[in-house]
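So the protein lines, in turn, are chains A and B. With my numbering, letter number 278 in the first sequence gets 278, and the count goes up by one each step, no holes. With my numbering, letter number 172 in the second sequence gets 172, and the count goes up by one each step, no holes.
None of these hints come from the bench; they were simulated from the model. Everything numeric in this text was worked out from a predicted model, so none of it was measured. Be a bit skeptical, because a hint or two may be false.
Repeated chains share a single entry, so a pair holds when one copy, or any two copies, can fit it.
Okay, derived cross-link-like pairs now, EDC-like style, lysine to aspartate or glutamate, Cα gap no bigger than 16 Å in a straight line [to be verified]:
(1) 174 / 199
(2) 99 / 89
(3) 301 / 54
(4) 231 / 297
(5) 99 / 87
(6) 301 / 254
(7) 231 / 103
(8) 231 / 211
(9) 99 / 115
(10) 174 / 135
(11) 301 / 119
(12) 99 / 119
(13) 231 / 20
(14) 99 / 84
(15) 174 / 289
Number of protein chains: 2
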Amino acid sequence: MKLPSLSILLITLPLIAFADPLPSWTDSESKDRIISFVEAVSDPAHTDYVTPSERIAVFDNDGTLWAEQPVYFQFIFAMDRLADLAEQDPSILTSPALKAAAEGDVETVLKGGHDALIEVVNATHAGATVDAFQDAVAEWLDTARHPRTDLPYHQMTYQPMVELLRYLRDEGFKTYIVSGGGLHFMRVFAEEAYGIPPEQVLGTYGETSYDSSTGTPVITKTTGIAFIDDKEGKPINIERTIGRRPILAGGNSDGDFAMLEWTTAGDGPRLGVLVHHTDAEREWAYDRESPIGRLVDGLDKGPDMGWVIVDMANDWSRIYTGAN
Amino acid sequence: MKLPSLSILLITLPLIAFADPLPSWTDSESKDRIISFVEAVSDPAHTDYVTPSERIAVFDNDGTLWAEQPVYFQFIFAMDRLADLAEQDPSILTSPALKAAAEGDVETVLKGGHDALIEVVNATHAGATVDAFQDAVAEWLDTARHPRTDLPYHQMTYQPMVELLRYLRDEGFKTYIVSGGGLHFMRVFAEEAYGIPPEQVLGTYGETSYDSSTGTPVITKTTGIAFIDDKEGKPINIERTIGRRPILAGGNSDGDFAMLEWTTAGDGPRLGVLVHHTDAEREWAYDRESPIGRLVDGLDKGPDMGWVIVDMANDWSRIYTGAN
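Isolated chain A (complex conformation) (with noise of 0.2 Å):
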């Protein structure tokens, strides 16, 4: 092999050496320790070293991955689509709770409970085809902006986070999404936001149909939910689609808990991480109290564990990919 020549060396060596791979993290504990346990498990030489088909993370989406305030964006989208719908067709709100979620009433569906959820949830995300779904998803996507940050959604997402997905993949890890969110709402934005293809997503999900009598055969989205991918449902749904235990788990709340619990508490190597939402000024400031994204467990038993409690207000010199 002919050697490059000295001045490619000398441009191209210190990036190599050197370059951050997490430049939107400040020097901080929570930085080190993520960076150590990633050295560690990618250096062969290291007693720690982990074999590539192994190097599986899974990361939550909501309030982990992006924004989750002041409500669940699926649920913003799922309000904006039944306003569209019940223009077309106002016969369709028939319940108070549709009426509420078509206004934007947000605090009147969540009085409804469960039940006024999965209305709302049905008649927004049943009975389209999935590639109608998701299509509207994507119109969404371009023309909808966050009330507080007037951001298109899927620039809500953490840069940080991003940087730590990327810099993960380039030391062979694969990287996956388990979340409580919906698995074809996810689909549409996780590979462009965080180079996340659509195998490697996973989520709640409703039920399906596949129907050929016309001649074309197409996959409908029908009423009903299938499998809820929350608290114990992420190690189940991790078990069953994955069949791997990962060595890396991130999360925020304690839906989470039950996934980082299982991560962690295999052989060998592991590493838990919680984003906690410390920044009121940036982001949002919540834990105990919140109803979304409510962090109990994971400050009461994750550092015991060992798991990296992020500090957002102090750890992330950036939080939106979208803004600076």
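Add chain B to chain A, keeping to what the hints say.
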């Protein structure tokens, strides 16, 4: 770059240029059509070129990648396991169906229909952690022998299909199993037998539970089937789990019809491959009348949809991986 020496070139070039990727396939139309398809979709200069991330190939397992006669191998495992469990505790044989199964009396069990099968599955596939269950499968594969061939079951994989899987991966495909067989059962041997890792094995699965109350979290197989990966369930599972429509699908029975239909109905180049069991001498000959691997729709409609119908007796020069 320094060029390799002439002697190296003389040794390696013919291998690269002329190696047959499917040596256990005879020179047949089936082989020609498969190779033409793969060459077209992987050639950037070809009009049918497909970007690597969309080169998804899905295969049924029983009767497509390994044999399935006289009855699905997983069912033989279940009967053997039931006999083992009953030896430790005969009181578990609480019904005529279970007694028959423990004695290996397939006919009586099958006469009991769906309910009898579920009884046998619950008695043999539930109540253990996933790890313990998979240890039992591994031990069975090590020790059990097929009554006709005297081969270990995981050596009754089809050598021509193992070659096809490898060839597809060499040409940038991602290969998946999508089988009516059990997820946890297949994952025990899929990587070694087929080169297919756990996260690319889709199948039927039972309910599981997550429990961390003892301090060490475990995932346990519980009673009840959560999803049957057969017929319309196959495209539904592919859509749900992979999130992309495959461009190649292989099967052998009408349980695979919807999967091949969904695959080949997409835009662009597509290939459906059906293994037709025509070889009573080296394997088995069965199709329209067989209770296992019944094939009617595929033979009647497949050719018009352009599917390759593999004539096992004529198209394969070798059958099993485990015997010459």
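We went through each hint and held it up to the structure:
1. Taking the shortest alpha-carbon separations for residue 174 and residue 199, both the intra-copy value of 11 Å and the inter-copy value of 11 Å come in at or below 16 Å.
2. For the homomeric pair residue 99 and residue 89, the shortest alpha-carbon distance inside one copy (13 Å) is at most 16 Å, but the shortest distance between copies (59 Å) is not.
3. In this homomeric assembly, residue 301 and residue 54 never come within 16 Å of each other (Cα to Cα): the closest approach is 26 Å inside a single copy and 42 Å across copies.
4. In this assembly of identical chains, residue 231 and residue 297 lie within 16 Å of each other by CA distance solely inside one copy; the values are 12 Å within and 43 Å between copies.
5. Within a single copy, residue 99 and residue 87 get their C-alpha atoms as close as 12 Å, which meets the 16 Å cut-off; across copies the closest is 62 Å, which misses it.
6. In this homomeric assembly, residue 301 and residue 254 come within 16 Å of each other (Cα to Cα) only inside a single copy, at 11 Å, whereas the closest approach across copies is 51 Å.
7. Taking the shortest alpha-carbon separations for residue 231 and residue 103, neither the intra-copy value of 31 Å nor the inter-copy value of 42 Å comes in at or below 16 Å.
8. For the homomeric pair residue 231 and residue 211, the shortest alpha-carbon distance between copies (11 Å) is at most 16 Å, but the shortest distance inside one copy (33 Å) is not.
9. Taking identical chains as interchangeable, the C-alpha atoms of residue 99 and residue 115 lie at most 16 Å apart only when both belong to the same chain, with a minimum of 14 Å there against 45 Å between chains.
10. Proximity of residue 174 to residue 135 under the C-alpha cut-off of 16 Å is found in neither arrangement, the shortest distances being 27 Å within a copy and 26 Å between copies.
11. For the homomeric pair residue 301 and residue 119, neither the shortest alpha-carbon distance inside one copy (36 Å) nor that between copies (41 Å) is at most 16 Å.
12. Proximity of residue 99 and residue 119 under a CA criterion of 16 Å is satisfied intra-copy only: 11 Å inside one chain copy versus 47 Å between copies.
13. With identical chains, the CA atoms of residue 231 and residue 20 are never at most 16 Å apart, being 34 Å at best within one copy and 50 Å at best between copies.
14. In this assembly of identical chains, the alpha carbons of residue 99 and residue 84 lie at most 16 Å apart only when taken from the same copy (12 Å versus 60 Å across copies).
15. In this assembly of identical chains, the alpha carbons of residue 174 and residue 289 never lie at most 16 Å apart, being 34 Å within a copy and 45 Å across copies at closest.
Taken one by one, the earlier hints fail for this structure at numbers 3, 7, 10, 11, 13, 15, listed in ascending order.
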